[in-house]
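Participant: Read off the chains here:
Protein chains: 4
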Amino acid sequence: MAVIRIGIVGLGAQMQENLLPTLLQMPNIRIVGVCDITAARAAQIHRFLSDVPVTASVDELLTLTAPDALVLACPPQAHRDIALQAMRAGIHVFVEKPPCFTLDELEALVLANRQSGVITGVGMNFKFAKPIRQLRDMTQAAPFGRTLHVQLNHYASKPRAPLWGLDSTLRSFLLAQAIHTIDLGITFGGGELTGIRSRVQRYDDSLIVNAELVFSSGTTASLLCGTMFPYFEFDMKIVSSTSMMVELDNLWNITIHEPEHGTRATGTAKRWRGVWQPGPLDSGYERSGYYGELFEFFEAIRKRETFNANFESLLPTYRVIEQICAADSQDIGVVQTFALPTLHATSTANPGVVSNVL
Amino acid sequence: MAVIRIGIVGLGAQMQENLLPTLLQMPNIRIVGVCDITAARAAQIHRFLSDVPVTASVDELLTLTAPDALVLACPPQAHRDIALQAMRAGIHVFVEKPPCFTLDELEALVLANRQSGVITGVGMNFKFAKPIRQLRDMTQAAPFGRTLHVQLNHYASKPRAPLWGLDSTLRSFLLAQAIHTIDLGITFGGGELTGIRSRVQRYDDSLIVNAELVFSSGTTASLLCGTMFPYFEFDMKIVSSTSMMVELDNLWNITIHEPEHGTRATGTAKRWRGVWQPGPLDSGYERSGYYGELFEFFEAIRKRETFNANFESLLPTYRVIEQICAADSQDIGVVQTFALPTLHATSTANPGVVSNVL
Amino acid sequence: MAVIRIGIVGLGAQMQENLLPTLLQMPNIRIVGVCDITAARAAQIHRFLSDVPVTASVDELLTLTAPDALVLACPPQAHRDIALQAMRAGIHVFVEKPPCFTLDELEALVLANRQSGVITGVGMNFKFAKPIRQLRDMTQAAPFGRTLHVQLNHYASKPRAPLWGLDSTLRSFLLAQAIHTIDLGITFGGGELTGIRSRVQRYDDSLIVNAELVFSSGTTASLLCGTMFPYFEFDMKIVSSTSMMVELDNLWNITIHEPEHGTRATGTAKRWRGVWQPGPLDSGYERSGYYGELFEFFEAIRKRETFNANFESLLPTYRVIEQICAADSQDIGVVQTFALPTLHATSTANPGVVSNVL
Amino acid sequence: MAVIRIGIVGLGAQMQENLLPTLLQMPNIRIVGVCDITAARAAQIHRFLSDVPVTASVDELLTLTAPDALVLACPPQAHRDIALQAMRAGIHVFVEKPPCFTLDELEALVLANRQSGVITGVGMNFKFAKPIRQLRDMTQAAPFGRTLHVQLNHYASKPRAPLWGLDSTLRSFLLAQAIHTIDLGITFGGGELTGIRSRVQRYDDSLIVNAELVFSSGTTASLLCGTMFPYFEFDMKIVSSTSMMVELDNLWNITIHEPEHGTRATGTAKRWRGVWQPGPLDSGYERSGYYGELFEFFEAIRKRETFNANFESLLPTYRVIEQICAADSQDIGVVQTFALPTLHATSTANPGVVSNVL
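Chains as they are written, first to last, in the working numbering: chain A, 1 to 358; chain B, 359 to 716; chain C, 717 to 1074; chain D, 1075 to 1432.
Among the clues, some could well be false.
Unchecked claim - Here are the simulated lysine-lysine pairs, DSS-like style, with alpha carbons at most 25 Å apart:
| # | chain 1 | residue 1 | chain 2 | residue 2 |
| --- | --- | --- | --- | --- |
| 1 | A | LYS130 | D | LYS1344 |
| 2 | D | LYS1204 | D | LYS1377 |
| 3 | D | LYS1232 | C | LYS986 |
| 4 | B | LYS628 | C | LYS986 |
| 5 | A | LYS130 | A | LYS303 |
| 6 | B | LYS488 | B | LYS661 |
| 7 | D | LYS1204 | A | LYS270 |
| 8 | C | LYS986 | C | LYS846 |
Think of the hints as simulated: they come from the structure by calculation, not from any bench.
Start from the sequences, fold in the hints, and give me the full structure.
Facilitator: The structure is reproduced here in structure tokens:
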């Protein structure tokens, strides 16, 4: 299969700004049809490609164009339903995140995926961002030793109201934003996730979420995220058993602190660190991960390999999301608007928000 | 009392590098005697001041020089014992941190302090560091709103063995290093400390400590610290109810992220932030807090006011230290060298490492 | 003309990495043919678009596809010759920089441009980079006042040998690299260029170029560039008559230093500055200017307006290039490999270094 | 001479804020007397030292206290006159910068210094600042190769009127501020200064000075300084023959860019650089150079060695200052308030801008 034939579903902002530009410059694929419930929006594709059929019906898209794969950027319920439809039809499917609302729904998607045998993918672009790959290479290099702790800070300013018809702003935030951070925690954590502890603070319509993840490898990860912040930013730090600490600021600058670091002109001296930044003209969609996620999804189709951001890969992430929501809802009765006098101590059966059996 | 007459006890590295230079340039005090168990070290004072009597005996120092105040930089047991002796003698006393080993000992010091009525102080220089004061001014300004969360990262590379005859590296680290960070968490937290949760990870002779503090004000604070890092560094972030986030890097650079921030030439625009840094020639002992801590201690003596880093001020900090040690020791049986499969879940009476009654 | 029909000439690295990805995601244009002297390279277009005719002959490209516009990324001699051919044929033409080797050649291109009336453009992407536009907006805002001085630092590590069959590494460097920096100096300088002074230092096969430009507006600009540096980087600073200084680092971070700058939480205080940086997911080709240069070129075609990076816009830049080369060649006799004992002498024997009449 | 006996002259802001605190903590010296034309100001010393005689007369200071050395922080005319008096009396003398107004005056001081044989020093603290020493070590290490170019940016906001009874704001600025930057240019330039070129731009009461220095070593240095900037800052860059570039920002952060730089975890990779910064508690007077300048001055007295910031060391710096003033004054007639249409002309009518024979 030299050229993969793609059907696009949902030509909204995320598709137009990130996925479509990436698809248009992706080698060896062709966009063969576009579907959007708003016909005029689907027709936007003609600004870029002349002869692509557009439709408001997924059924028609599949019938007319018989695509090898679908790429979706819709609300989660459409991701879920159309992914199920595509998998039943033996069509590979890539959905923007989140793929669905709940762990139960995700398990249904995973089951369908196993039954159909197609390649599935979710738009976890952070995981494929170029600097995150650099971090993975660094942390897997022998001199780095074992990863002991990962600190992830994900600052957001929205959503401050529920999305997609949900009744929970917390779940909306976790699915729309924190999903990336949790996934990175799990990616760098390694091994099985054996414990979660979390706390949600609220102020007006905003929230702050603190969570701690523990892995069978002995690695721990702490997450600070929420919608209480002025604008979207992201930073993370990883501490290793060889006393290295690598930090990533804004998906852009990497700094490595090592016990011994030097330069040709100084030799080894204290308080020198290594800093990496891209060149002035670094551009395109590799840094933000949009290129990587789609490129590897298509490569997985070509090579019949598992794509490492498929539905199944998100199971631990959704377990964390469910735990955070459950722990928070159990506290609702005790916590006043701004008073947070107690830690989440829920029951003797579940001391704190700790769960060792996931 | 125009001029305060000072006796110095302990002329080791910390005194010589930080406290003594600060004292030498402090107005309206006089160093009237120096005591050190090593006579040759006490005599080092003559490099700076000609006619100061030196002795190896605290008793002799007190008898000979009748100081108004003592300034100590010794091991904690000496801080504790000499402070008790000074308080009994009605002499004001300032000790380098830590003032003692345990909460019980600190309570004894506090009791003695109340009985004697002298001014006491502990060298919590971080609290008096110039950028920390700037942060306090900022967070107390009306537009900042309420402090919701404080993140404190304190990276250290030592001690990797117990200090001062203790048998616990953890307690040694908490007393020697994390004491500052815990104290800052309490300083910015506000209100009563109502909950603590902590986790200690170990690798070889190094450790990582994660802790979370909850305050009656609703503020939370998270601490990441330990000896697993390549060298000493420090950063912190404070998030407010008006969606401001202020960060301090390396006790040097302050950055404020606000929803609206602009310049005269741009007007308000997104992703602008305010950054402060000292001038190129900023020097002296104000930035690091050594000047501020001593200056305010002496001012408190002159004005007969409470010094806000006195023995009593450290009670919540020592409560946190005791909790971290207790929670860790209860886990010792279960935790293997590097495996950390469970969160600290100690008993049903104390679910997790949560303690609401301090 | 809703859709502009484009012929591509030259499918080498620069086209494949920057211009082609940008064109593929550009609305309302179509690539109708591709020409490359290497047929296999031209056929690379089929990885992205199925039915585009490819050819090794520009004549054939024009005959077969009758494009509205050509976009070229070739050696300069091809830019020059094919641009002349296209202009004669009434076809709009956009060439990657440099458009030609000498000022004389550029003047010939400008003359042909005037005669043909087509829209021409050169790939001066720095000028269209998003942060450079932000700087232009800032410097043109009333509170900024007048631009007094511009400092431009352009660090490069190549070329260290002549390019394109030229015999001068200096001219090759100026055309391949410094052309951007000189153009930015002229862009921010304003008014007529009334003076140039330059100095070239050589070491082995590398060089450092210092130049100073003076404008009729009273603005001055200084340039430090060359091939002596470890890798490509870029920074610039602009000082205004209201004592503002704005700096751009790496085409990424903008900092504005103002006499008065504050935050909501601090009020105005000294040493606060405003810092801007893009969001973590900022991606695509807008930051590096590749999108802007092509988008505005096509807009100019649609609106029949002058494109502000056309051949004529580069006349002052080429004058500077010629002056730097001329001044350097007059010095060649005196300057040994590394010895630079004299400034460009003031006598009439070497008048070329300073020129007030351009 | 174990302990050096010091007389202080001038207890104004610079002495109180920087020199006196440094002296008070300097080993093996004693302040034996203080002189200030304002008696009350001289008496300020009693806030720190009880029994030091104070006087308003230098003669009396010398007679009463017979000091080994004087340390002065006065207006330049007092530096000059009292230094001459001290040297005649065989007393070592250290003056804050500037030591005098003109090159002629400096030559008189140098002559007197040679005749008297005492140790002299000027408060060139930048030269002794800790990061500048690190830069000197780095640039002198073999792998760095030869220094090819030094770029110095010294941003100031004052003086905007003449100081010390002078009639020239330019000369006042050069003596009060740029003296450091010029001195650093000469320090890192190496060899004989063989050429100077300069330009002064004026706007209202502010000015911008650009200058270029050429050395017999082949090194060039460019300086951008002036009073047009919002506040005092400083940065510099040094480019070497091995394609290293080291930069110093704000006398604080050092960055080294090398063709090959890596970390233990990454190996060598492109765009990694080495960054150094001091620890969070770095304090005292070493970073700003006040400690180093005085410590080395006293060491020179003890060891009877030349102090490398003595009067003679400033001769090339004053030559540059004289050249900048001369070149500027010859231009005054032609340059209107803001119009700077011409470069410094090359004709014999204005030969002073460029001088190859110093």
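Participant: Against the structure, test the hints numbered earlier, and report the numbers of the ones violated in rising order.
Facilitator: 8
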